[in-house]
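The chain contents come next:
Number of protein chains: 2
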Amino acid sequence: MALEGRFDDGVVRVGSDARQRYHDSRGYGYPLEGNEIALAPVEAAHLLYRGDLEAVVDNDGERLGFREFIAREPGDDFGVRFLVYADLRSRGFYLSPAAEPWISDPPGGAADFAVFPRGKGPGDGEIAYALRIIGERTDVPANELAEGVLAVVDEESEITYFEVGTRDPSGTSNSGTALPDGCEADLLADRVVVWEPPLELYEESFYGQPLEGREYDEPTLQCSLLEAAYLAERGAVDLDPETVRERGREVEGERFNRRLTVYTALRERGVVPKTGYKFGADFRTYADVDSVEDLGHSELLVRVHPADYVFEPRDLALDVRLAHGVRKTMVFALVDGTGDVEWWSLERLTP
Amino acid sequence: MALEGRFDDGVVRVGSDARQRYHDSRGYGYPLEGNEIALAPVEAAHLLYRGDLEAVVDNDGERLGFREFIAREPGDDFGVRFLVYADLRSRGFYLSPAAEPWISDPPGGAADFAVFPRGKGPGDGEIAYALRIIGERTDVPANELAEGVLAVVDEESEITYFEVGTRDPSGTSNSGTALPDGCEADLLADRVVVWEPPLELYEESFYGQPLEGREYDEPTLQCSLLEAAYLAERGAVDLDPETVRERGREVEGERFNRRLTVYTALRERGVVPKTGYKFGADFRTYADVDSVEDLGHSELLVRVHPADYVFEPRDLALDVRLAHGVRKTMVFALVDGTGDVEWWSLERLTP
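Which chain is which? The protein sequence lines are P and F, in order.
Reminder that position 276 of the first sequence reads as 259 in our numbering, one-by-one numbering, no gaps.
Reminder that position 260 of the second sequence reads as 243 in our numbering, one-by-one numbering, no gaps.
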């Protein structure tokens, strides 16, 4: 026989044998005195939805079925939280609000739910995912990114899950030990031509791109303003670094400085960054470049943002979807005012 | 023996047997009196590059080789235009500046070059592509979109070609003839629930998304605010249309009105628009929906912009690349102040 609950100060209290039926064996709510349990609105809605609760009585004594309860939207973001709660339940997970007294020692930050490993429940002390739930129109400031899972519910109630993690790009590429000295170069409107550099500059360290079909022994290399700024700073090409950086800022604005910071950081970590234009990113990166001949596929797509950037979920979906489609991982490099870089990866997750 | 040219009022003049060697048999430049021809700077650079011209003499009598000529950057966007010119030549195309006297009857608008079908040249009177060339940092106002090819040169001199065309989405889907009358529905914070609508609303006309696992005969449908506004305007759900539209504007801002205009236009054309969130677009569209059971893949991804939008080439690359990766065509719907819609498709092209 289905039970009834009653609204009381933000939770739904259910008595009778609710504790054993809903809490102990199925991971809903938290125990109160006697056999009563307290349910979060989303948990109560789910039990109504499944017919396990017949009704919830509100403060005026009105009996609410699933439909009336939903229409009340008890709590912020109730709709999207309910949809994700129901989806994860249907996938065989137990999950609880990420707060006491539902669980002890809840994950901090903006996590809405603690999702337990399949087969485990709230009492087992093990969390699989710290889950945050947003609608597709909710902006996410970069400083709110946290390790865990982000569930985005779109306007038609489809749910996309992202695994969010910090990332530490590193590699074994030879980025600096064999840089030449003062190669002749010309600064053009929006790129640089390096005349007759040693072959290794491209073929081992993967700077620039050869101009095809030249009649000389050594290739003519075309470099981006970014690559050229990096090389000029190290005396590898005979251009004034500040002149190149100025040109970069003319062409790209502030973005140039941030991209140069990230380019430099990646090179210092043994990673080769090349332009990510074709993928709509700032860089595609190669971690282990021995020679251009044996080049594998790039592993990461990197997008550079200021540390105070605000993400729109739709752009996250686009970036991550594209990266997934070309078998790369999407990484966001957040650059603050002092030039420090924080690296975050986002990948699609099927829970 | 390689010839020399001389700079004269924006073109490079070459005499001797240049006319027969470079113009008649290889499609460079246009004829002047006698055997002389005039070359655009890009054409002269290409002949220097290939060693066909030994030097170009400038107004001060200085002899410029390829390197010196390039460094002068004669003309706007010289670098990117040269790179594309060289790329298309290496692919076996003849191409000329899209202007008289290189060709008669040039394509209008922002076209830089007329590219001729393989095997044809400037004198054959047939153009394969009206080609515009930009660097990846050049903004493209929506009102500058024109049928033809857009070549974008990225910072490392890789070239991406886009075919740009007007588009007329149409389909055979049943969008309105069988709409129900006044179905009960609840307006939630950012979506609408329709209770017990007739099956055909989803199963044949593909409105909404069923909530899984309900115990009733008819499905509960969850609709986006956009779908609900459209249905409310037609009396299919018992919600006040303006209330729904207001909620849409609260959630999405002005974008809501534009998206509703495009949603309506697509439905009127027999096309079913569903949310494009997972692809970072506004809509994915289905042209021929008979029933949801036999649903094929969506054919188009549609992104909605105001008519005065300004495209960044990097976002174009991202959108088109993603669409290509999921085997759909990217369409931009430009909405002006009067609610008229212009449809443009962009697809990657390998010339």
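Don't take each hint at face value.
Same chains, same names: a pair is fine if it fits in one copy or spans any two.
Subject to a maximum C-alpha distance of 25 angstroms in a straight line, what follows is the list of computed SDA-like cross-link-like pairs (lysine to any residue) [claimed, not checked]:
1) K103 / R46
2) K103 / A69
3) K311 / I142
4) K311 / T143
5) K311 / R4
6) K103 / Y13
7) K103 / L170
8) K311 / A93
9) K103 / D0
10) K311 / E295
11) K311 / E330
12) K311 / T333
13) K311 / E130
Since the hints were derived computationally from the structure, they do not count as laboratory data.
Evaluated hints:
no., hint, verdict
1, K103 / R46, "neither (34 angstroms within a copy, 80 angstroms between copies)"
2, K103 / A69, "within (17 angstroms within a copy, 63 angstroms between copies)"
3, K311 / I142, "both (22 angstroms within a copy, 21 angstroms between copies)"
4, K311 / T143, "both (18 angstroms within a copy, 20 angstroms between copies)"
5, K311 / R4, "neither (45 angstroms within a copy, 49 angstroms between copies)"
6, K103 / Y13, "within (16 angstroms within a copy, 79 angstroms between copies)"
7, K103 / L170, "neither (62 angstroms within a copy, 36 angstroms between copies)"
8, K311 / A93, "neither (27 angstroms within a copy, 36 angstroms between copies)"
9, K103 / D0, "within (22 angstroms within a copy, 86 angstroms between copies)"
10, K311 / E295, "both (21 angstroms within a copy, 23 angstroms between copies)"
11, K311 / E330, "both (9 angstroms within a copy, 22 angstroms between copies)"
12, K311 / T333, "both (17 angstroms within a copy, 23 angstroms between copies)"
13, K311 / E130, "within (19 angstroms within a copy, 33 angstroms between copies)"
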